[in-house]
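Trainee: Model the full assembly from the supplied sequences, consistent with the hints where possible.
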Amino acid sequence: MEAAQRGDVESFAALYRRYYATMVWLAYSILLNRDQAQDAAQQTFVKVCENLADLKRTDRFGPWLAAICRNEAQQLIRARRQPVGPRRGEDFYAEQIDHGSNDHRLVRRAIDDLEPMYREIVVLHYYNDMEYRQIAAALGITEHTVRGRLFRARRQIEKTLRKKGFPEGL
Amino acid sequence: MARSKRADWLDQIIREAKPGQTPRADFDAWRDAHAVAIRQLRQRGATIPQSEPFLALISRLARNSARSRTGKLAVAAAVVAGAFILLTWRAGRQSPPAVPPTTATDQATSPRPEVLDPEQEELRLADDLFTRGDVQGLLSLLHSARSRTVFAVAAYLGRIGDASSVPTLQALAAQWQGSPQDNPFQKAIDQIRHENGQDEAESTQNTQAPAGVLQTTQEPEPSPSEISPLTCRGVVVDRSGSPIRDAEVWAQSCTENLKLTDLTTPVPTDPQGTFSLTAPTDNVDATDRVYLLCRHGGHALGWLRPPTDGQTTDLNDCRIVLYRPTFVAGIVTDTRGRGVSGALVEARMTPAHEPASVQEYPCTAGNERAAQTDATGRFILKDVPENSLLSLSVSRRGYRHYDSREGYGQFMGTSPYLDPESHTIRAGRRDIEIELLPAEGQINVQVVREQGGLHDGPVVLRCESPSNGLGPWFCRYDRGDCTLMEPAQRGICTSQGHGRFRIDGLPVGQYLIAAADPLSGDLITPLTEVVIRPSQLHAGATLRAARTARVTVRARTPTGEPVGGLLLTAGSGFMVRKRTDADGLCLFRLFEGDSAIQSHGWDCDSAGHVVRVTPDLADRQIDMPVGMPFLLRGRLVDESGSPVRGSVSLLLGGWVSTDADGRFVIPHRAPDARLQGYARDAEGKRALVFAGTPPSAGGELEVRLERVAVFTGRAMDQHANPIVEAPAAFSLDVQEVDSTGYRYSQLRCEVFIFDGRFRLDVPVGRPLRMGIYCPTLQLRGRAEPIDPAPGQTYDLGDMVLDPASSQNP
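Top line first, the protein sequences correspond to chains A and L.
Per this note's numbering, the first sequence starts with residue 1, numbered consecutively.
Per this note's numbering, the second sequence starts with residue 1, numbered consecutively.
The hints are simulated quantities; they were obtained by calculation from the structure and are not laboratory data.
All C-beta atoms, glycine included, are put in the ideal place defined by N, C-alpha and C.
Among these hints, one or two may not hold up.
Said to hold, decoys possible - Stretches of chain A that chain L covers, calculated by requiring three or more beta carbons in the stretch to come under 8 Å of a beta carbon on chain L:
#1 63 to 76
#2 122 to 128
#3 134 to 146
Mentor: As structure tokens, this is what we get:
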């Protein structure tokens with residue numbers, strides 16, 4: 001960490017490889033769009049390059065990174081609200097259309113309907129296979145909070161799926 | 001511990017729904033694309049070892065030295081010395097506020113010239129007039145001056161004690177929107193009366209009026225024939241329909257400003273459960289709501305909003321159903337799961353059989369309950385009717401305001417957008433868990449006068465957040481007190497005095513803020529945008545007053561009669577709401593540029609006016625043609641023509657309920673205007689969106705309900721993201737389909753959507769095709785034709801709005 005702060009590119013590369021996937025999924029939880037989430041994650045590391053030297057508490061690198069990433073994602077959302085013109089062509093749109101099964105679509109929509117605070121925990125835990133401890137460290141919250149949020153999120157997802165007539169499991 | 005099979009199954013399906021694989025972290029590709037960033041990393045990093053940041057050094061030294069007793073003493077001494085230096089520095093920097101207050105910058109750079117701003121000129125003029133005892137001059141100043149001067153003039157008039165100034169002061173006192181105790185005009189009137197010995201005579205006339213509020217009875221009273229009392233007869237029954245004897249029934253009125261007044265004393269019901277009461281309506285405005293409240297031991301407080309409009313005088317079928325009392329209990333926690341004590345939990349209730357009225361947001365003590373959480377964060381709301389649906393809001397300083405209905409669509413007038421199961425809580429639940437989010441964002445606001453210097457007079461801050469679907473809400477500052485004026489408390493506002501405010505507990509997002517004159521409601525500063533970012537939770541805004549032009553609106557009927565009491569909105573960005581006076585006049589102060597002025601109520605087809613205020617800020621006068629007042633009477637029937645109990649609403653209007661004969665009355669519509677409305681039965685199985693011209697005078701509109709199916713869905717943009725523009729108006733049109741294709745557009749209605757989702761009742765019996773159009777983004781989408789069956793719900797899924805469809809509607 002300290003080495004990266006002093007401008008060591010290899011150390012920075014290690015940080016990048018360690019946190020990149022987490023940032024992509026974190027941004028996805030806000031943007032609900034994988035391509036834009038990758039854009040946001042990459043832009044996050046650009047911001048990190050610019051400001052890493054100013055980071056005082058290196059033990060808070062994870063939450064600091066997550067805050068930058070959320071900010072980048074929010075900026076993309078704001079940009080999205082501008083009058084929409086052709087941005088990346090029809091291919092981009094076609095790629096976003098969900099080709100999964102109907103059940104998967106329902107589950108994904110139930111996750112999309114969650115509050116962002118809960119959605120990010122679900123996405124990091126299930127999509128990025130992170131443990132409670134890892135999520136807590138990355139977001140700067142306690143493991144207990146992660147557990148609580150995930151519990152509530154699962155309950156909400158279950159409720160939404162039931163309402164949609166989703167077949168009971170097993 | 002073994003997990004249940006269901007939990008494992010849920011885990012599994014969530015994992016299976018993962019949208020694609022986790023992306024690979026290709027650092028080399030990223031480095032190639034962002035070589036500049038890498039160079040910056042190297043350059044910034046190279047400076048670190050040479051000079052440790054000063055604060056980090058202090059912090060490290062403090063940590064090290066704090067391990068020993070001597071070190072602790074040294075740190076304490078350093079902190080005290082630092083605080084002393086800081087205080088001395090601030091004291092030197094902030095001179096005590098004087099009139100006019102000046103900023104430190106003003107003092108440092110240049111002495112203030114002897115140029116008074118317009119407000120100070122007005123104050124000086126008022127002083128002169130008071131010294132000369134010129135009552136007429138002061139009265140004319142009352143109409144033209146700014147609010148700070150107006151308050152001073154009112155005080156001067158009170159001290160002069162001339163009775164001729166009372167009518168003018170009364171008119172202003174009636175417009176006062178703040179707390180009655182602070183009403184400066186009422187104080188002046190009281191002082192004049194005291195000096196003229198009229199105290200006792202007047203007070204006997206006003207026994208019904210709340211203290212400090214001047215009622216219209218003090219103005220020239222209309223003849224008794226003009227104002228008829230409201231007579232209500234009806235029955236009080238329990239849930240099974242059995243009459244209840246000895247229940248107490250009384251009438252209450254609620255103004256637009258949420259002021260409650262008991263119109264009658266309680267009357268008991270007879271052994272058949274019937275009651276009859278007569279409520280005086282001379283203090284009831286046409287815009288007020290009248291409620292019947294009912295109390296009986298063993299039952300929860302009951303209430304009914306009778307289908308009255310301020311003009312109907314005889315109601316014969318008021319049926320009040322009383323329910324057994326139950327309670328609602330739960331816990332309020334923070335994000336760590338700890339109970340939050342001292343949080344205010346407020347509930348608004350509506351009968352479960354009439355869910356549409358949740359949207360109406362009725363205000364009366366009869367359907368509100370409140371409680372505070374105890375030390376463990378638990379709360380109990382008592383005396384809740386057993387069949388109610390509740391919407392909850394929770395406020396606590398330091399936390400974000402919670403509202404169970406937040407984020408869902410607002411009702412606009414033609415289609416309900418409400419899912420009682422999701423948005424409300426059923427009475428009797430005792431396991432409610434509400435998690436309060438921490439107060440994330442803060443906005444520090446300072447209001448600056450046009451000439452410079454902080455604005456230290458009374459001011460109202462107006463704030464809303466389109467990106468969060470919040471607001472508007474208002475915060476009023478007046479001589480040291482800072483109070484929220486709107487019930488929707490989205491953030492907690494405090495004032496540091498002299499035009500400085502702090503708003504806490506705001507979510508991340510974009511905010512629009514402006515300062516307004518508390519008396520007239522006109523904006524004194526243009527709109528300012530503030531963004532709270534996740535990386536910067538504290539934001540600041542300086543609102544600088546700007547000069548305005550006086551724009552007078554004259555509301556006239558086609559025959560030239562002035563229209564008083566007409567609701568007008570004007571402005572660009574924030575709209576200011578005002579009503580015309582008895583002469584049909586209304587004065588707005590508008591900034592340079594284009595502003596829209598629109599009338600509401602009588603003429604629902606009014607397109608409004610666009611006023612261009614020129615840079616010279618010349619006064620303008622606008623003529624606003626208004627239709628004649630009209631009382632729309634109608635009847636709600638089903639397919640067979642039988643009367644239906646239900647509710648009816650017109651576009652831009654509120655809901656009215658029908659009586660047992662299905663009859664309803666909606667006031668103030670122009671007979672030549674086009675009607676657009678929505679009606680539904682109490683069970684929500686039949687509905688109708690209707691449009692057309694109203695019946696001729698004396699006629700009755702028959703609304704024949706149709707059996708409906710429910711269409712739901714979500715509006716998505718072409719990138720498959722939900723459209724979260726807030727508020728974005730979408731129109732949904734339904735086309736009949738025959739063998740040749742789409743014949744004609746049958747129905748059309750608009751809903752507000754905050755999160756892209758919509759819900760619409762659509763008549764059945766023919767194939768239909770739904771279209772959706774978002775005017776703000778100029779996008780359009782269509783669904784496949786459906787032949788709906790009655791009582792069914794059809795989820796249209798994600799309706800993609802894209803330019804391609806828009807070009808070929």
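Trainee: None of the hints should be skipped; say for each whether it holds.
Mentor: Checked hints:
Requiring three or more residues with a Cβ within less than 8 Å of a Cβ of chain L, the coverage given for the segment 63 to 76 of chain A holds, as 5 such residues are present. Figure legend: the segment 122 to 128 of chain A, annotated as covered by chain L; annotation consistent (4 residues with Cβ-Cβ distances under 8 Å, at least 3 required). Counting residues of the segment 134 to 146 of chain A whose C-beta sits closer than 8 Å to any C-beta of chain L gives 4, which meets the bar of three, so the coverage hint holds.
Hint violations for this structure: none, all hints satisfied.
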